[in-house]
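Please work from the sequences and hints to get the whole structure.
2 protein chains.
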Amino acid sequence: MTNPTAAMLVIGDEILSGRTRDANMHYLAQELTKRGIDLCEVRIVADVHEKIVHAVHALSSDYDFVFTSGGIGPTHDDITADCIAEAFGVSIDVRDDARALLQAHYDRQGSELNAARLRMARIPAGATLIENPVSIAPGFTVENVHVMAGVPSVFQAMVASVLPTLTGGAPLLSQTLRVQRGEGDIAGPLAELAEAFSDLSIGSYPFQKDGVYGANIVIRGSDGVRVDAAMAQLAEMFA
Amino acid sequence: MTNPTAAMLVIGDEILSGRTRDANMHYLAQELTKRGIDLCEVRIVADVHEKIVHAVHALSSDYDFVFTSGGIGPTHDDITADCIAEAFGVSIDVRDDARALLQAHYDRQGSELNAARLRMARIPAGATLIENPVSIAPGFTVENVHVMAGVPSVFQAMVASVLPTLTGGAPLLSQTLRVQRGEGDIAGPLAELAEAFSDLSIGSYPFQKDGVYGANIVIRGSDGVRVDAAMAQLAEMFA
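In order, the protein sequence lines correspond to chains A and B. Going by the numbering used here, the first sequence opens with residue 1424, and the numbers climb by one from there. Going by the numbering used here, the second sequence opens with residue 1424, and the numbers climb by one from there.
Because the hints were derived from the structure by calculation, they are not lab data. Misleading hints may appear alongside valid ones.
Because identical chains cannot be distinguished in the list, a pair is counted as satisfied if it fits within a single copy or across any two copies.
To be verified - Here are the simulated DMTMM-like cross-link-like pairs (lysine to aspartate or glutamate), alpha carbons at most 25 Å apart as the crow flies:
| # | residue 1 | residue 2 |
| --- | --- | --- |
| 1 | LYS1457 | ASP1530 |
| 2 | LYS1474 | ASP1487 |
| 3 | LYS1474 | ASP1485 |
| 4 | LYS1632 | GLU1454 |
| 5 | LYS1457 | ASP1520 |
| 6 | LYS1474 | GLU1566 |
| 7 | LYS1474 | GLU1615 |
| 8 | LYS1474 | GLU1618 |
| 9 | LYS1632 | GLU1554 |
| 10 | LYS1632 | GLU1535 |
| 11 | LYS1474 | ASP1622 |
| 12 | LYS1632 | ASP1530 |
| 13 | LYS1474 | GLU1659 |
| 14 | LYS1632 | GLU1618 |
| 15 | LYS1632 | ASP1608 |
| 16 | LYS1457 | ASP1651 |
| 17 | LYS1457 | ASP1485 |
Predicted model only: the values in this text are computed from it and were never measured.
Below is the structure:
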């Protein structure tokens, strides 16, 4: 049995210009790994209509789940909802339940639900809303695409709303051995180990810091007995 | 005159599993912005042959420059060089100049240039080497694709070797105004400003921290006079 697969689409000029360092991808990667959903690909695209539509098409047909972050606020550069509607060939309009959520929120705040804010109640036809306990304006799900905000605190709250509704797989277990030897010295035996345990993923991640170099060898798999067995052999190799 | 475009391809299971937080993308984004090269898309894929080949194809035909990081070490999971060769339909073999670099390096270290290390001298036919002053094993360029290491110190050194050889454009200038008002309040006037300065990119990046919320409005463009003019109007709007 294989785990469900996932992709993430990050929408935002500010990541690509180097102004902001993305935090959502790293967060989502860790959450999905815990639930046995394999994050297989991430794309980051600018706030450009056709780029977003193209990426949504490609990813939603290639993977079981797609998660997007960014571009669902009230300003002119927030174009994600329209792009999702176009990608799935559905209409988009202000939806009553989303409008009611916003109306109640801005009433409590004593702010006006103006035209800009009302844009956040525009939801593609047939979507399911994703709860946003932080700032109320909802995310939404269309088919296998979960559309969430870019602000990290809001993104994380939406992830917490969505993930319990998805069926995951066996959580990915991982064990790491830190070896203070050059990768070139360990590569031969490591390749043999990887062949003997071809049901596991065995990765070597070199480091080099303050004159110390070596590699972290990471063994990953969902069968704990196999991971243990491979780690025992690995430890013996480089004892 | 428009700036050259670029994409980045990050190769590595360790980013997708959440084990490691990528640092190379943020670094490259900043370096490219300084040189007037527009980073338009980033993809992160696992160490899977066909995924890498597919992404290299797609990105190298869509953008002027492609930069890859990861997967060029000596271990069994380092498959980037072979994938690049396949993507461009060229052969790959140990190359004399790359072997000589490694031989001299390991001689100095008193280590052996074994079969695993020699894999790092396998270079696709017709490639140009990229200098690696940190750990010697070179990167390489095939057509418009620059193939670099994943270890951040090595990646950065290779970027420093490559970038001076590329023709950039006008550096992207940016000015930011921090506004402590909800995006919903500023969205209307901001959209009008964006329309009046359609030659510039005007982005709104909301924040929410410790009960304070607002947005950073970022105006970007390569014409300093226009950026100044837009910022003057923006400051007047939200004074």
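Legend entry - Structure-inconsistent hints, enumerated in ascending order: Numbers 1, 5, 13 and 14 - these are the hints that the structure violates, sorted from lowest upward.
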